[in-house]
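Enquirer: As a plain string of letters, each chain reads:
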Amino acid sequence: MSQLEIPEFLDYASWSEALKDGTLLGQECADCGHQTAAPKAACVRCGSRDISTVELETTGEVYSESTIAVSPIGFDAGFQIAIVQLGEAKTVGRVSDDVEIGDTVTLSDVFEHEGQPSPVFESVEE
Amino acid sequence: MARASIVGAGMTKFGVHEATLPELFAEAALPALDDAGVEAGDIDAFYLGNAMGGQTENDTHLAPTLASHIGIAGVPCQRFEDACATSSNAFKHAVQDVESGLHDVVIVGGVERCTPETGLGTGEMTRIFASASHRQYEQPTGLTFPGVFALLTKRHMFEYGTTPEQLASVAVKNHAHGAHNPRAHFGRDIDVSDVLDSPIIADPFHLMDCCPFSDGASAVIVVSDDIADEFDAPVDVTGVGHGTDIVPLADKPDFPSTMSARRAAEQAYEQAGITADDVDFAEVHDCFTGAEVMASEALGLFEDGEGGPAAADGRTYIDGEMPINPSGGLKAKGHPIGATGTAQLVELVEQLRGDAGDRQIADVETGIAHNLGGDAGTTLVSVLEVRA
Chain W
-4 MSQLEIPEFL DYASWSEALK DGTLLGQECA DCGHQTAAPK AACVRCGSRD
46 ISTVELETTG EVYSESTIAV SPIGFDAGFQ IAIVQLGEAK TVGRVSDDVE
96 IGDTVTLSDV FEHEGQPSPV FESVEE
Chain X
19 MARASIVGAG MTKFGVHEAT LPELFAEAAL PALDDAGVEA GDIDAFYLGN
69 AMGGQTENDT HLAPTLASHI GIAGVPCQRF EDACATSSNA FKHAVQDVES
119 GLHDVVIVGG VERCTPETGL GTGEMTRIFA SASHRQYEQP TGLTFPGVFA
169 LLTKRHMFEY GTTPEQLASV AVKNHAHGAH NPRAHFGRDI DVSDVLDSPI
219 IADPFHLMDC CPFSDGASAV IVVSDDIADE FDAPVDVTGV GHGTDIVPLA
269 DKPDFPSTMS ARRAAEQAYE QAGITADDVD FAEVHDCFTG AEVMASEALG
319 LFEDGEGGPA AADGRTYIDG EMPINPSGGL KAKGHPIGAT GTAQLVELVE
369 QLRGDAGDRQ IADVETGIAH NLGGDAGTTL VSVLEVRA
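So the sequence lines, in the order shown, correspond to chains W and X. Per my numbering: the first sequence = residues -4 to 121. Per my numbering: the second sequence = residues 19 to 406.
No lab work stands behind these hints: they were computed from the structure. All values reported here derive from a predicted model rather than from experimental measurement. Incorrect hints may appear among the rest.
From the derived model, a few chain W residues whose C-beta atoms are all more than 10 angstroms from chain X [said to hold, decoys possible]:
| # | residue |
| --- | --- |
| 1 | 32 |
| 2 | 44 |
| 3 | 47 |
| 4 | 60 |
| 5 | 66 |
| 6 | 68 |
| 7 | 91 |
| 8 | 99 |
| 9 | 101 |
| 10 | 107 |
| 11 | 109 |
Examples of chain X residues toward chain W, derived with CB under 7 angstroms [said to hold, decoys possible]:
| # | residue |
| --- | --- |
| 12 | 160 |
| 13 | 172 |
| 14 | 178 |
| 15 | 179 |
| 16 | 264 |
| 17 | 266 |
Even glycine gets a Cβ: it sits at the ideal position worked out from N, Cα and C.
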């Protein structure tokens, strides 16, 4: 993913465009160091506006997970969701194979629903 | 000195209702007025909790509509929306306004319909409930609200060894309590295997770990401390704490602690001049069994990691050392979203007056309500006490 221009200020449109292209962007706070995978107008931990766009790590550890058996209308049932720790950031995503807390996973795909993307992770053999 | 007093309380049975939102609300509000012995003309303001009427029934601008239906048209009134913590937030504003002297007598209540009486099925309602998760960063994954609490609970299980059997024992206890509550949606004797044998909704939650979709309404009459003695059975409000946390879920630093509840409890206890040791019983937001375990710890009723074992050991039954959800909780009493917060207050009032019948807890003076909204992004904790 070398062609994508990393925007100075990350909004949802540029975040989702990058993700659809396979790149998970986030923000890092210059004041407290917090990283997020869900771009905002200010740092969610300290309120600083001195935040910059960063490319997040793509391999990390499962922090929590659940398999959703009853889904909202418009979604197929029976998919696994995970909260994944990627360096200093955590993100929610789908998982393509069965994982448990503590497993190592890597960004493998993108799931799109009505044009809105989510990261998909798969386990990494250690 | 109390911040305010509750002098009247009313609620409908929670369950399936054909009545419209105004009709349903009147079934709670008019009994609350009668319980307080106040007339419509005595009401200075009306604060309403309704979370999803716009989405579920194409019904908004509800406060003046409901005020008109119950005979108090013209008073200042407004609808609050904070997901499942909606009517507790309305209550907070009523307490502040009588405390400040702005108003003397305020009616606070909630109403919601969530069953197929709305015309919506499970998939549609699951989608609407999921609207409380982040629109851009969570909803597109297909995350559901059982899923949100599953993610919180799975981490609690990982860190503390909480087991599915311990979670199931919360449901067993709340169904046992609900069996003594004539207004409960459910309530019958079940055992742990009934829970564990029910279908998975979002693991670790089985169907019977989850509260139902319910219709219902509840209301309380809030008055200022200096006029409370003019009423027959005032119950004092000594603290109302309101904590929030980061949304979306993934940005929360720590899942099992439900920080919004800890912040709200700290505020509420400080206002009331109490600690968790002074609490005699609690109504907590058990939308899912894991939520009750985490709430019991966040409120300081049990040490972190002890909420699951305490439930499994029977310590949270009506006759246990720390009764939790004597009403049956959301799990058995039901969860008509906007009505849930004030319904918890109705239960506290009845327990503190000694009017709770078969589910009365002996010798209670201090009760708390824990009402959570969204992914634990909002929690309100209220402290009610027998009037000194």
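Enquirer: Evaluate each hint against the coordinates.
Expert: To see whether the hints hold, each was checked on the structure:
no.	hint	in the structure
1	32	violated, 7 angstroms
2	44	holds, 17 angstroms
3	47	holds, 17 angstroms
4	60	violated, 6 angstroms
5	66	violated, 5 angstroms
6	68	violated, 3 angstroms
7	91	holds, 13 angstroms
8	99	holds, 16 angstroms
9	101	holds, 17 angstroms
10	107	violated, 8 angstroms
11	109	violated, 7 angstroms
12	160	holds, 4 angstroms
13	172	holds, 5 angstroms
14	178	violated, 13 angstroms
15	179	violated, 13 angstroms
16	264	holds, 5 angstroms
17	266	holds, 5 angstroms
Hint violations for this structure: numbers 1, 4, 5, 6, 10, 11, 14, 15, all remaining hints satisfied.
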